[in-house]
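So the protein lines, in turn, are chains A and B.
Quick note, our numbering runs 1 ahead of the 1-based positions in the first sequence.
For the second sequence, counting from 1, position 117 maps to 102 in our numbering; every step adds exactly one.
Note that these hints are calculated values from the structure, not bench results.
Be careful, since some hints might not be right.
Within a straight-line C-alpha distance of at most 25 Å, the following computed DSS-like cross-link-like pairs (lysine-lysine) qualify [claimed, not checked]: (1) B:131 with A:95; (2) B:129 with A:106; (3) B:66 with A:106; (4) B:131 with A:106; (5) B:107 with B:88; (6) B:170 with A:106.
Looking from chain B toward chain A, a few residues come up when the C-beta cut is under 10 Å (computed) [as the list claims (entries may be wrong)]: (7) 63; (8) 149; (9) 187.
Think of the CB as a built atom: it goes at the ideal place given N, C-alpha and C, for glycine as much as any other residue.
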Amino acid sequence: MNNYTVNYISGTFSPSLSTLSGVLIAGMLTTLPINNPAPDTRIIRRNEYVINSTSATFDQYSSSITGKFTGSVSKVIVTNLEETIVTLYDHLRKIQEPLGADFQKVLDDNLSELLARW
Amino acid sequence: MQIFKKFWMTIFPSYSHAGNPAETVSDIKEHLPFFLSQGQKEKVSAQLRSLENLPYFEHYSDNALLQGDGIGGLIFFNFEKNNCETVGGIILSNSCDISEGNKRLEPIHLTFAPVISAAAYKAKLLAAGMKDDAVDNKFIDIRKQKITSLFWLPKQGKLQDEYIALLSHTCSMPLKALKKDVKEKVFTLSQAAFYLFLLKINLHFCRFDENISRFSGE
């Protein structure tokens, strides 16, 4: 928390640097797949890959699809949290909706009375 | 060219990792705090998979203000009444940006979202003539964090009632204007709830994948 640093950016402008930046960005645009669709996260939500999906047949080190995990147990657990966050973000993104005009009006009309006074 | 590709992937990961979710997961892994043990990561992961039972708050003895903390004494400008009010709210500013322990040249500003009482809001909705079913269903959605502009705060721990943070009513104030005696936290989010909070902030303010054209077509 105490490792905060501030990057100061010069206010001066360099035409040569601007040109160079344009060339570099053009180079990136021609080599990278920027038009591809967003990643499909469905594959990482398959229950077969969840570490806790154990049964009498498969122990905690095994998957019902691949058998023994090739990586270490700790690696599988660590990956689990990242996958959970990706899945949760995808879920939240799909279900978001506005409050609605009627509900917003009541909120705004009574805002002062509703505000918490901690 | 590899260094430029790396630069591009850092700025635009969602484009760069098209068709490769493993790389997206890998990116998130790089941003998870190093201090979380394997057991803690597994615990947080399990909590996030069951939002209904998510423990939102944790007790921290450290009084340093953190992103996602609930505090009082915040100064909110009410445009409806054209005046300033002292309210409770949830901190949106990055923890390091408001840390008084960090050396800086500019004064610290604290950005926050004001918080309203869920029970009082429900009462106002019913008093306004809205049907019970409609209000109940809306509150189900709010509790499931479905409403983009709201972040629901459950009745848990030190929080004696349900509250709702208004992400569309954000306000900023100099940290020095926050009186010392009100700096005691009303709540601090758990690690899992903090991740949920970050996702909600991201969804409300930073929908990078929304594909809105900013060009006139000329």
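Structure-based check of all given hints:
The straight-line distance between the Cα atoms of residue 131 of chain B and residue 95 of chain A is roughly 9 Å, inside the 25 Å bound, and the hint therefore holds. For a cut-off of 25 Å, the pair hint linking residue 129 of chain B to residue 106 of chain A stands: about 21 Å separates their Cα positions. A distance of roughly 15 Å separates the Cα atoms of residue 66 of chain B and residue 106 of chain A; the hinted pair therefore holds under the 25 Å criterion. Under the criterion of a C-alpha separation no larger than 25 Å, the hint pairing residue 131 of chain B with residue 106 of chain A is consistent with the structure, at around 19 Å.
Taking the CA atoms of residue 107 of chain B and residue 88 of chain B, the gap is near 44 Å; set against the 25 Å cutoff, the hint is violated. For the suggested pair residue 170 of chain B and residue 106 of chain A, the alpha carbons sit about 30 Å apart, so the restraint of at most 25 Å is broken. Residue-level restraint check for residue 63 of chain B holds (minimum Cβ-Cβ distance to chain A is 6 Å; threshold 10 Å). For the restraint placing residue 149 of chain B at the interface with chain A, the shortest Cβ-Cβ distance is roughly 9 Å, inside the 10 Å limit, so the hint holds.
Interface restraint check: residue 187 of chain B against chain A, minimum CB-CB distance 8 Å, threshold 10 Å, status holds.
The earlier numbered hints that this structure contradicts are 5 and 6.
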